[in-house]
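Engineer: Chains as they are written, first to last, in the working numbering: chain S, 11 to 292; chain L, 11 to 292.
It should be emphasised that the hints constitute simulated quantities derived from the structure, not laboratory data. There could be a bad hint or two in this list.
Because identical chains cannot be distinguished in the list, a pair is counted as satisfied if it fits within a single copy or across any two copies.
[What the hints assert, rightly or not] Restricting the straight-line Cα-Cα distance to at most 30 Å, the calculated cross-link-like pairs of lysine-lysine (DSBU-like) are: (1) LYS141 to LYS289; (2) LYS122 to LYS290; (3) LYS289 to LYS147; (4) LYS164 to LYS41; (5) LYS289 to LYS116; (6) LYS275 to LYS265; (7) LYS41 to LYS290; (8) LYS221 to LYS275; (9) LYS290 to LYS262; (10) LYS167 to LYS98; (11) LYS141 to LYS290; (12) LYS290 to LYS147; (13) LYS222 to LYS186; (14) LYS289 to LYS262; (15) LYS41 to LYS225; (16) LYS262 to LYS275; (17) LYS41 to LYS221.
Being a predicted model, the structure only gives us computed values, none of them experimental.
Chain residues, written in single-letter form:
Number of protein chains: 2
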Amino acid sequence: MIKNNTELEYKTSLWFTEEEKENLRIDYRIKEIIYDVYSPYQHIVIADTYDFGKTLILDDAVQTTVTDGFIYNEMITHVPICAHPGPKNILIIGGGDCGAVKEIAKYPYIEKIDMVEIDEMVVAASKKYLKEIAGMKQDNRINHIFADGVKYAKECKELYDIVIVDSSDPIGPAVKLFSAEFYSNIFKILNDDGIFVCQSESPIFYTSIMKKIYKTLQSIYKDVKLYTATVPTYPGGLWSFTMASKNEISVKTDKLVEGNQYVNKEILESCFCLPEFVKKSL
Amino acid sequence: MIKNNTELEYKTSLWFTEEEKENLRIDYRIKEIIYDVYSPYQHIVIADTYDFGKTLILDDAVQTTVTDGFIYNEMITHVPICAHPGPKNILIIGGGDCGAVKEIAKYPYIEKIDMVEIDEMVVAASKKYLKEIAGMKQDNRINHIFADGVKYAKECKELYDIVIVDSSDPIGPAVKLFSAEFYSNIFKILNDDGIFVCQSESPIFYTSIMKKIYKTLQSIYKDVKLYTATVPTYPGGLWSFTMASKNEISVKTDKLVEGNQYVNKEILESCFCLPEFVKKSL
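Here chain S stands alone, though its shape is the one from the complex (with noise of 0.2 Å):
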């Protein structure tokens, strides 16, 4: 809300905007654009920008910033980890900027870490011109699978213990990813203590998105537990995560690896305290 008279300069220089809704947009002045590029899958840009600095964004949706891309990668994998007793095998899909996957490899005791996006072009992007998130050393634990993830869910035959389901917004291609099929399908690739858990939208803009996965996944799952964190580029800053177990779900914040920039004890456990007006929608 605080502003500088830049009129004239504003005139002369670059902007993206960003649809968050049909009446809602977010411009963000842009420094250069570093990488431009349709893939068969979607179009692949990634901007300098002046407030969150670089940005990946995917069909004209920003997906993550150098920023705050922290908060959402932080909160996506370490409250699934610490809800677990023991995490070795761990299946992201999705997750293309590989920030997810960069937290997760912070667990040594985590043994193998497969990670299938659709859009090989994505992660190669991300790890050239965004090394802020998916910069980290060569990990023998990751294995790269370029592949469409709901399929990989129906006909996989191994078990995980944790699948992390970060994926874009339920458009277009990603409709499946929030479907009860493939809900189910990742139920009978989980242990028997296995935790799931996904991105599940804006708690106050997409109320009947996350309302309908809560739902879903109670369906299917013995406990279901929704968490938020406040994310500044998704649309209305507040962020819903769910996760979803065949057991009853109990964070252990003694489990937290530390030096994160987000996460520390007391947000792993306040995380799950919601507005009432949240708590209602369910």
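Guided by the hints, dock chain L onto chain S, whose structure is given.
Structural biologist: Coordinates of chain L only, in the frame set by chain S:
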């Protein structure tokens, strides 16, 4: 991030663009302008927006909306009330939209609420056009004082249990509401068990302002605590409030009235759990 194809409609429709920061804007599509007047102090606009309903805009900055205004108004009032052993007299400085005073009036044991707002026209417009925020029954405990809050605090001879500074951002006339002199004057008009609270800006975008408020209050008061809430229409979503007291601050969740939209007992406890980067910035 979910969007519809209404390009044509966009081009022929009315939008309000807020310059959140020099390089970041939010565009709200507007149904109609309800009120548009220059008061002696500022440009007051009330617009009906598609996504947030009726919205109060002062000098081109969104102050409150009927869709998310309750988050800010509940958090700046219920938290200090529940941190005080038995508040009777409350002073609000600012708060022209009357949302804060409405929340305070929910507590029957509060005897007197003085509201010092510089701009009578904001109060009148809010009461007339923003009934969802400002509308309430006639309440004889509320005294409207249309005056400069800085001057009022300096010259005041009364003592209060809670002083709430519900101000706009620290630019122009509001700058003095963030000064050490003002905070010291508030200290003098607080009872021995008095509580002070103010909005302390975005922990992401205005970290230095937030930190300065925190440090200044620490130099004056015995105990200072920062808490946060997610307010979708404020830059970055995550917003901070800072509470200070002449004693150790202890929030009692059983004091909270029921029937709020955002704050409940869990939120009252968890709002003090700060993300790691916020903790470090203090």
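Engineer: Each of the hints needs a verdict: does it hold here or not?
Structural biologist: Results of checking the hints against the structure:
1. LYS141 to LYS289: between (37 Å within a copy, 25 Å between copies)
2. LYS122 to LYS290: Neither. Shortest intra-copy (39 Å) and inter-copy (33 Å) distances fail the 30 Å Cα cut-off.
3. LYS289 to LYS147: between (41 Å within a copy, 28 Å between copies)
4. LYS164 to LYS41: Neither: 43 Å inside a chain and 46 Å across chains, both beyond 30 Å.
5. LYS289 to LYS116: The answer is between: 22 Å across copies meets 30 Å, while 32 Å in one copy does not.
6. LYS275 to LYS265: both (9 Å within a copy, 26 Å between copies)
7. LYS41 to LYS290: The answer is between: 28 Å across copies meets 30 Å, while 42 Å in one copy does not.
8. LYS221 to LYS275: both (27 Å within a copy, 22 Å between copies)
9. LYS290 to LYS262: Intra 26 Å, inter 23 Å, cutoff 30 Å: intra and inter.
10. LYS167 to LYS98: For LYS167 and LYS98, the Cα distance is within 30 Å only inside one copy (16 Å; across copies 66 Å).
11. LYS141 to LYS290: between (40 Å within a copy, 23 Å between copies)
12. LYS290 to LYS147: between (44 Å within a copy, 26 Å between copies)
13. LYS222 to LYS186: within (13 Å within a copy, 48 Å between copies)
14. LYS289 to LYS262: For LYS289 and LYS262, both the intra-copy (23 Å) and inter-copy (21 Å) Cα distances are at most 30 Å.
15. LYS41 to LYS225: neither (43 Å within a copy, 34 Å between copies)
16. LYS262 to LYS275: both (9 Å within a copy, 22 Å between copies)
17. LYS41 to LYS221: between (38 Å within a copy, 28 Å between copies)
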